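Trainee: The lines below spell out each chain.
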Amino acid sequence: MTDSVLSLHGVGKYYQLGGMQPYHTLRDTLTELVTGRKSSQQSKKGFWALHDISFDLKQGEVLGIVGRNGAGKSTLLKLLSRITTPDEGRIQIRGRIGSLLEVGTGFHPELTGRENIFMNGVLLGMTQREIARKFDEIVAFSGVEEFLDTPVKRYSSGMRVRLGFAVAAHLDPEILVVDEVLAVGDAEFQRKCLGRMNAVASEGRTVLFVSHQMEAIQSLCTRAIWLQSGQVKQDGPAESVVLSYLASTTKDAISEIGSREDRSGQGKIRITGLSIADDENRPPSTGRPARIEFSLSSEAPQQGAVIARFAIRDGMDKVLALLTNEAGIQELTFNGDAGQVVCTIPKLPLMPGEYTADVSLWSNGYLQDKVNRAISFTVMTGDYGAGKGHQVGVVHLDQQWS
Amino acid sequence: MQKHLPLVTITSQKKWALPDVRELWSFRELLWILVTRDIKIRYKQTAIGILWALLQPLLTMVVFSVIFGKLGNLPSDSVPYPVFVMTALLPWQLFTKALTQGSASMVTMGGMMGKIYFPRLIAPLSSVLSGAVDFVIALAILIAMMFWYGVVPGWEIMLAPLFVLLGLASALAVALWLSAINAKYRDVQQAMPFLTQIWMFITPVIYPTSMIPQGWKWLFVLNPMVSVIDGFRWSLLGVRPPDMSSLLISSLSVLVLLVTGLIYFARFEKNFVDSL
Numbered sequence: 001m002t003d004s005v006l007s008l009h010g011v012g013k014y015y016q017l018g019g020m021q022p023y024h025t026l027r028d029t030l031t032e033l034v035t036g037r038k039s040s041q042q043s044k045k046g047f048w049a050l051h052d053i054s055f056d057l058k059q060g061e062v063l064g065i066v067g068r069n070g071a072g073k074s075t076l077l078k079l080l081s082r083i084t085t086p087d088e089g090r091i092q093i094r095g096r097i098g099s100l101l102e103v104g105t106g107f108h109p110e111l112t113g114r115e116n117i118f119m120n121g122v123l124l125g126m127t128q129r130e131i132a133r134k135f136d137e138i139v140a141f142s143g144v145e146e147f148l149d150t151p152v153k154r155y156s157s158g159m160r161v162r163l164g165f166a167v168a169a170h171l172d173p174e175i176l177v178v179d180e181v182l183a184v185g186d187a188e189f190q191r192k193c194l195g196r197m198n199a200v201a202s203e204g205r206t207v208l209f210v211s212h213q214m215e216a217i218q219s220l221c222t223r224a225i226w227l228q229s230g231q232v233k234q235d236g237p238a239e240s241v242v243l244s245y246l247a248s249t250t251k252d253a254i255s256e257i258g259s260r261e262d263r264s265g266q267g268k269i270r271i272t273g274l275s276i277a278d279d280e281n282r283p284p285s286t287g288r289p290a291r292i293e294f295s296l297s298s299e300a301p302q303q304g305a306v307i308a309r310f311a312i313r314d315g316m317d318k319v320l321a322l323l324t325n326e327a328g329i330q331e332l333t334f335n336g337d338a339g340q341v342v343c344t345i346p347k348l349p350l351m352p353g354e355y356t357a358d359v360s361l362w363s364n365g366y367l368q369d370k371v372n373r374a375i376s377f378t379v380m381t382g383d384y385g386a387g388k389g390h391q392v393g394v395v396h397l398d399q400q401w402s
Numbered sequence: 001m002q003k004h005l006p007l008v009t010i011t012s013q014k015k016w017a018l019p020d021v022r023e024l025w026s027f028r029e030l031l032w033i034l035v036t037r038d039i040k041i042r043y044k045q046t047a048i049g050i051l052w053a054l055l056q057p058l059l060t061m062v063v064f065s066v067i068f069g070k071l072g073n074l075p076s077d078s079v080p081y082p083v084f085v086m087t088a089l090l091p092w093q094l095f096t097k098a099l100t101q102g103s104a105s106m107v108t109m110g111g112m113m114g115k116i117y118f119p120r121l122i123a124p125l126s127s128v129l130s131g132a133v134d135f136v137i138a139l140a141i142l143i144a145m146m147f148w149y150g151v152v153p154g155w156e157i158m159l160a161p162l163f164v165l166l167g168l169a170s171a172l173a174v175a176l177w178l179s180a181i182n183a184k185y186r187d188v189q190q191a192m193p194f195l196t197q198i199w200m201f202i203t204p205v206i207y208p209t210s211m212i213p214q215g216w217k218w219l220f221v222l223n224p225m226v227s228v229i230d231g232f233r234w235s236l237l238g239v240r241p242p243d244m245s246s247l248l249i250s251s252l253s254v255l256v257l258l259v260t261g262l263i264y265f266a267r268f269e270k271n272f273v274d275s276l
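These protein sequences, in sequence, are chains A and B.
Sequence positions in the first sequence follow the numbering used here and run 1 to 402.
Sequence positions in the second sequence follow the numbering used here and run 1 to 276.
Where hints are given, some of them may not hold.
[To be verified] Each computed DMTMM-like pair below joins lysine to aspartate or glutamate, with the alpha-carbon atoms no more than 20 Å apart:
1. B/Lys44 - A/Glu110
2. A/Lys134 - B/Glu29
3. A/Lys370 - A/Asp314
4. B/Lys40 - A/Glu110
5. A/Lys153 - B/Asp38
6. B/Lys184 - B/Glu269
[Unchecked claim] Covered stretches of chain A (chain B as the covering partner; in silico rule of three or more C-beta atoms under 8 Å from a C-beta of chain B):
7. 121 to 127
8. 153 to 160
[Stated by the list, open to error] With the C-beta cut set under 10 Å, the calculated list includes, among others, these residues of chain A facing chain B:
9. Gly12
10. Gln16
11. Lys78
12. Ile83
13. Thr84
14. Pro86
15. Leu100
16. Leu101
17. Arg205
Calculated directly from the structure, the hints in this document are not laboratory data.
Model, not experiment: these values are computed from the prediction.
Glycine residues also receive a C-beta, built at the ideal position from the N, C-alpha and C atoms.
Full structure from sequences and hints, please.
Mentor: Below, the structure written as structure tokens:
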């Protein structure tokens, strides 16, 4: 704890499964009150959402936390923000922690924008005087000047987010804990927020940042921690942690599809493996070749024409494209008890971001196997030819101008 | 530079302790802004707004005066029954509002508490305090009524705030227990209207304490609201001063409830969010 502003020693958090009610009765509570001990039932049904987490954060470090849903990221943030306490270990914090787990905490729809700025600001740990001093700046940042004296319930959701972020952006604690707040708002505003985060980080403030947007982690953070099943899987420079995390998500999906139960179709031929990568076996990136591989197998030898489909969905679950070899595009046959189908995209036009895909396999006119959201993958930033800066919209299109 | 920054250590240890008063004090601005927020939004989008704070005690007083005063012919220590009942209704409604809102506070403010840290005690505290504004507004009716009936208070009126404070402390004490329990078992919310109703009947709102048989009085005054209402009534109307031993028992029972409530709450608040 010499020069670190935040340090965790063997921190863990235990949660009971299935909520409290079925396992934690009033009687248990009363017994605990009398004996001062947790009832034995607690150890039966539960899991460690976080276990044995240790790391130190130095002044000025910008740490990104990555991991899949349920890996413990939110729990870690809750512990650091003191919303809940750990069940093991020790956390030491030097200085004021400002946590942004939500934009506009405490906003009340009936109050005006002005009143809510004060409400939210005080909740985040600012004094009223401090808010009054920065008031004009906050209002200017939010861009809702004209509606300051309008109740927030009349605001659009975008305006609410702007206002909330504007307050948050003017918070200056020694340590800033941020959760995915950048995932909201339009692109323009997100850029503004990222810029602000960058500024905060470069001022030498200590920042801890959780996001699913690997881009943001890579561009903002100096260091990253990858959480897996409540434990630190990797801790190191942001660039390399993100790369190995992404590589693993692709690999995870391959092993998963074989064991998925939520599938339909006759099942004579099954999709037992699925992967998407670029031509050098790294995570796919914009503008580079992408290669999608289906591994197929059947219990009894089969023979016949097969059709594979790969429907790409964006983060909002909208189907963006359907890749398929049907309708005479390319005839493929399956012969024996195992096989492989490969689809190659010469130049991936997808914007960087998170995607999922549904896959299905047809043979002799019958649906053999179908798994929805069979794989999730991240497309990394790359150059489609228009330069890295032009990332507006959903896809790149080949274009020629004259 | 870092040497001057406060070091906060969070561990898994749970101790039985009173809340950290210093920390609470550092969050006083939040308490204030929550109280004012509550007041601002309470009568938003109502047609008659703040008049509700007047109407509630006024209508209750009229109904009680007709039913218990006129029809029931309950004694009122030789004071006009409407004034008699009004002097009780004000602290009583202050108490029930504070209690009801305080008990629900951990749930109503739970969403906020899942996103940001502040001493959880702020929640019941702000709910209890915001009820006090209605009390001050309703006081206008009582003053008008005292003029109307020609009741002139004596020096005792100086003590009235003390009894109001005792009433608030009682509400806070019970709300601490109930808000913590309510976070886990929502039964509290269901039981609340019933509880306040029963409680009113064991409190001298519609009848004077003099109606209680002497042998049962010690049990009766364990209810702190007995002394609050008797004391408030005495300080304004000058009738029948509360006796010292009753006052002492009531105050002690508030103190015990408050201290145990604070301790229970302080232990519970740490992982309160997990039980929501």
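Trainee: Indicate, hint by hint, whether the structure satisfies it.
Mentor: Evaluated hints:
no.: 1; hint: B/Lys44 - A/Glu110; in the structure: holds (7 Å)
no.: 2; hint: A/Lys134 - B/Glu29; in the structure: holds (17 Å)
no.: 3; hint: A/Lys370 - A/Asp314; in the structure: holds (19 Å)
no.: 4; hint: B/Lys40 - A/Glu110; in the structure: holds (9 Å)
no.: 5; hint: A/Lys153 - B/Asp38; in the structure: holds (16 Å)
no.: 6; hint: B/Lys184 - B/Glu269; in the structure: holds (12 Å)
no.: 7; hint: 121 to 127; in the structure: holds (count 4)
no.: 8; hint: 153 to 160; in the structure: violated (count 0)
no.: 9; hint: Gly12; in the structure: holds (8 Å)
no.: 10; hint: Gln16; in the structure: holds (8 Å)
no.: 11; hint: Lys78; in the structure: holds (7 Å)
no.: 12; hint: Ile83; in the structure: holds (5 Å)
no.: 13; hint: Thr84; in the structure: holds (5 Å)
no.: 14; hint: Pro86; in the structure: holds (5 Å)
no.: 15; hint: Leu100; in the structure: holds (9 Å)
no.: 16; hint: Leu101; in the structure: holds (5 Å)
no.: 17; hint: Arg205; in the structure: violated (13 Å)
Of the hints listed earlier, those the structure fails to meet are numbers 8, 17, in rising order.
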